[in-house]
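A.B. asks: Protein chains in written order, with the working numbering: chain B, 1 to 490; chain E, 1 to 490.
Keep in mind that a hint or two might mislead.
Since the list gives no way to pick out one identical chain from another, each pair is judged satisfied if it fits inside one copy or across any two copies.
[Claimed, not checked] Simulated pairs of lysine to aspartate or glutamate, EDC-like, Cα-Cα distance not exceeding 20 Å:
| hint | residue 1 | residue 2 |
| --- | --- | --- |
| 1 | Lys47 | Glu58 |
| 2 | Lys348 | Asp288 |
| 3 | Lys255 | Glu180 |
| 4 | Lys57 | Glu46 |
| 5 | Lys98 | Glu88 |
| 6 | Lys134 | Asp24 |
| 7 | Lys134 | Glu22 |
| 8 | Lys113 | Glu374 |
Quick caveat, the hints were computed from the structure, so don't treat them as lab data.
Protein chains: 2
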Amino acid sequence: MAKKITSRDKDYSQWYNDIINEADLAENSGVRGCMVIKPYGFAIWEKMQSELDKMFKETGHQNAYFPLFIPKSYFSKEANHVDGFAKECAVVTHYRLKNDEENGGIIVDDTAKLEEELIVRPTSETIIWDTYRKWIQSYRDLPILVNQWANVVRWEMRTRMFLRTSEFLWQEGHTAHAKEEEAIEETEKMIGVYSDFAEKFMAMPVIVGKKTKSERFAGALETYTIEAMMQDGKALQAGTSHFLGQNFAKAFDVKYTNTEGKQEYVWATSWGVSTRLMGALIMSHSDDFGLVLPPKLAPFAVVIVPIFKTDDEFDRIYKLSLSLKESLKSVGVSCKLDFRKTHKPGWKFAEYELKGVPLRISIGPRDLQNNTLEIARRDTLEKSIIDMDDVINIIPKYLDSIQKNLYHRAIDLRKSKTFETGDYNEFKNLINSGGFVYAFWDGSNLTEEKIKNETKATIRCIPIESDKFEGKCIYSGKSTRIKVVFAKSY
Amino acid sequence: MAKKITSRDKDYSQWYNDIINEADLAENSGVRGCMVIKPYGFAIWEKMQSELDKMFKETGHQNAYFPLFIPKSYFSKEANHVDGFAKECAVVTHYRLKNDEENGGIIVDDTAKLEEELIVRPTSETIIWDTYRKWIQSYRDLPILVNQWANVVRWEMRTRMFLRTSEFLWQEGHTAHAKEEEAIEETEKMIGVYSDFAEKFMAMPVIVGKKTKSERFAGALETYTIEAMMQDGKALQAGTSHFLGQNFAKAFDVKYTNTEGKQEYVWATSWGVSTRLMGALIMSHSDDFGLVLPPKLAPFAVVIVPIFKTDDEFDRIYKLSLSLKESLKSVGVSCKLDFRKTHKPGWKFAEYELKGVPLRISIGPRDLQNNTLEIARRDTLEKSIIDMDDVINIIPKYLDSIQKNLYHRAIDLRKSKTFETGDYNEFKNLINSGGFVYAFWDGSNLTEEKIKNETKATIRCIPIESDKFEGKCIYSGKSTRIKVVFAKSY
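Extracted from the complex, chain B is given alone in its bound form (with noise of 0.2 Å):
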C-alpha cells in the first residue's frame, strides 16, 4: 500500500521526508528555511501544546507574551549569550517600503532606518530580563513562574523540516527566583516535566542528563536534556533545561530585597521544546507504510471508513457510525468518519495508514448482518473482528494497548543498540554503526573535541542516573568516575 515512501534501509533521509509529504504534516515555503505547517501536522502541535500547557500550569506557571523584536544592544548585555546567540539571526534595519518609480515594484525606503537595529528574537532570555527587573523589587515579588508560547528565529544554512528550520514554533519558560536551591529544583523538574511527556504522550524513551559544559547553553552554568533515539541508532535532543544561576540577572541589574532586607541579585532558569520534538515523534515510530502516531497524540484515534455497494447500506453504516463516534465521544475516544464518496475504501485505508491514525475501523454489510466491525491495528497492522456491543470497552483497551507498545518496541529498538566499552577501536566502530555507546570520560573539553572530530560522537549527556564507579576514559585513559553517553545526533 506504501505509494511514495522509501525504505528506512534504503535511505533514511529520504524516508523521513516521505513521511511528511505523504502524511501531509508540512512542507517547504517560498522563504528559504521556514516551512509551512499543514493542517494535520498542525493537529499533532496543538495536541502537545495543549498536553504541556496542562503540565506547566499544574506546576504553577502562567503564559505571558514578550515581544519578537529585542533591540541589538540587549545581547551584548551578557558576554557568553552573545557569542552562543546573536550571530545567524534575522535583522531589521528598515521600518518602511516605498513604490519603485523607476522599475515598478516596491523598494526598501533609505529614509526608514531604524537607529539600532532589531533582532527577530533567537531566544527571549534578555528582553525577559530586560522586564524582569520592573516586576521584582522584594521577595515577595518572587518566584516568577512564567512561559511563552511563541515563534522563534535562528537563521540555519542547512535546514529539514521539523529538526532544523529558520522559523520554528517553541515554548520557553523563564523563572526567577530568590533561592540558588530554588532555582536549581525548578530547572530540574521541568526537566522531569519534558521526560514525562515523552515518555507518557510521545511514548518516546528519553535519557534524561546534564550537558558537558561545551554543550552547554549559552549563558548557562548547568543544562538539562532529554536524549532519544531515532531509529537509525542516531540521538535527538528534544528538550533542555537551564539553570541560569544570576548572570541574566547582573547583566539586565534584576535584585531584590530579601527579608532582611538586603538587596540580592535573582536567580533564573529557562527550559523549551519546539516543533523539533515533531521531528522525533515521526523518527521514534514511523515505518515503511507511513507514519505511526501514539494514540495520546494523534488529532483522531480512531478513523471509521464504510463499504458498501447500495444507497441503504451506505444510510444503514452510517447511522451506525454516528452512534458510535458519539460512544467512543463518551469514553473520550476521538473519531473521524470518512464517508466520502468520491473515494473507494481501499484508496482511505492507504491515507490513513500514511496518515499514522492508531485504529482503523471499518463497516461493511456482513458487518451489518453479523453486528461486528473490523478493527486494524495502524501499529501492528493487525486486523480483527470484533463485536459491535463491546466497542466502547474494546476500543479504549485497543488504544491504550497501541501507546504501551509504541513504547516498548522503542524500549526494545534503543536497547538493541546501546552499547558499553572501554576500547577506543571497538567505540569507533560502534558508533559508526549507529547507536548510543556509554563510556567513561576524564571530563575534559580537549577530550571531549577530539573524539567528536575523530568519530563525529558527540556526548549527549552525563545521565542522572548513573553508578559512580570508576573508571579509565576511553580516549585518554585517564582514572575518572564520569560515565556519559555518546552518539551521533540530529
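With chain B held as given, fit chain E onto it using these hints.
C.D. replies: Okay, now just chain E, sitting in the frame of chain B:
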C-alpha cells in the same frame, strides 16, 4: 479604594492606561510600539483564544502555520494589497551580526545581506495564496478552511496598548472556495461567529455591517465588520471578515478543475480578530475602580479572601475554602484562593477590585459560626450574605447575572449615545459630543471624505439590519436608500 485610577470624566485616555497598569494586564517594552502582555492580561487573551478556537473548529476550520517572513516581491502581486499593506512594515535585510572589533559590542555583518528583503508579515494573504496554489488542483481539494494564530507587525507611528501596537497577536482565517456564493456565505458566517463571540462572551453589543469602499481591506471586494461602542461614545472596529473575490487567486495563479473539467480561479475569504479585543473589553465594562470582567472571560470567576485573627481560624477557613473551591470546580466555576499572610484582607479586596474579578467571597470567624459567607459583585459592588449550603446553586446564578448585567449596561449605554438625524448642523454637534449617529449617505467617496475632514467622523458601517426607506444624504441632500452609522473611532 481605587488607588491610582484616574476617573473617566477627568481623563478617559489616562483612565484606560491606568486600568491596564493597575490590573497588571500589560506594559510597554524596551522596543518601540511593542508591548509585554503580562500573565493576568494574557490569561484573558487565552480565554478569548480558547472560545474562538472552539467556534472556528465547530464551523469546520483547522489550524495551520505559515512563515513569519514574506518575500518582498509577493506584496507587489496584488495591486490594491500592496498599497494598503506593504508600506509601514518591518524589513529584514541581513541575516548575521558580528563582533565590532573597533568599538566592542556587535554590528550588522554587511557581507550577510539578503538578496531579496523579507517583510515581517503584516497579514498573510500573499504567502498563504502562494501556498494554496500547491494545495489546490481539483474541486475535490475545495473548500480549504484554514485558520492561523500568529503574531503580525505593522509599523505604527502612534501606538496605544492593545488598540494599536506595532506587534500584535491575532488569528487570521483564510479560506478557498470553488463558488462565489460559498465564499460570500463563509464571509458572512464568520462575521456572525465574531458577533456571537462579542455578545455572548465579551458581553459587548456590536453592530454588524459592511464597510464602505474606502474603508475596505486592501484587496477585498467586500469587508464586513463588527463595531462596538466604547464608554466615551467612540466606535471600535472589533473584527472584520473579507470577501476577496478572485483577486488573490489571480495574483498567485490559483486555479482548480471544476466538475466539468474546466479550469477556474478560486474564490477567497479572510477574517481576523486581534489582541485589540482586549482594549475593547476593557473599555466596554470597566469603571473608575478598575477593570470589570465578564465572568466568561475572567481568568478566575471567583476569589476567596479569608478574614482571620488566630491560626485556628485560618486553618478552619482554609479547609472550608479548599472544599468550596472543589465544589465550585464541579459546577464549572474557576476559583482562586488568596491565603497569603503577607497581605491584609483590605489590600486584597482592593487588588481584586482593580483586577475585575467578577465575584469576591470573604469568610470570617462570624461566618464560621453562622455557616455563611459574604459575596461581593464586581459589577454593582453590592454585597450579600449567603448560606454556605447554597453556594453551588447561588454562585453560578450570580455569575450568570453579572454576565447579563454587563451586556445590558453596555446596550443601555449605546442606546443613550445613539442618535439619528437629517440635519448636518445637529449631526456635527452629536458627533462632537460623542456617540453613534445614523444618517443617510449618498454613497459617494467624496461625501464620505468631506464629512470625515469636517467632523472627524467616519462611516463605521452600513448595518446589515436596516430598513430600506429612502431619505436625503446628510451632506449632499441627494436622495438615497443607504443609511449608515457615523462615529469617531479608535
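A.B. asks: Now tell me, hint by hint, if it's right for this structure.
C.D. replies: Outcome of the hint check:
1. Lys47 x Glu58: Both, since 17 Å and 17 Å are each at most 20 Å.
2. Lys348 x Asp288: within (18 Å within a copy, 61 Å between copies)
3. Lys255 x Glu180: within (14 Å within a copy, 61 Å between copies)
4. Lys57 x Glu46: Intra 16 Å, inter 13 Å, cutoff 20 Å: intra and inter.
5. Lys98 x Glu88: between (28 Å within a copy, 9 Å between copies)
6. Lys134 x Asp24: Between copies only: 12 Å across chains, 45 Å inside a chain, cut-off 20 Å.
7. Lys134 x Glu22: Intra 49 Å, inter 14 Å, cutoff 20 Å: inter-copy only.
8. Lys113 x Glu374: Neither way: lysine 113 and glutamate 374 sit 65 Å apart in one copy and 59 Å across, limit 20 Å.
Checked against the numbered hints given earlier, this structure breaks only hint 8.
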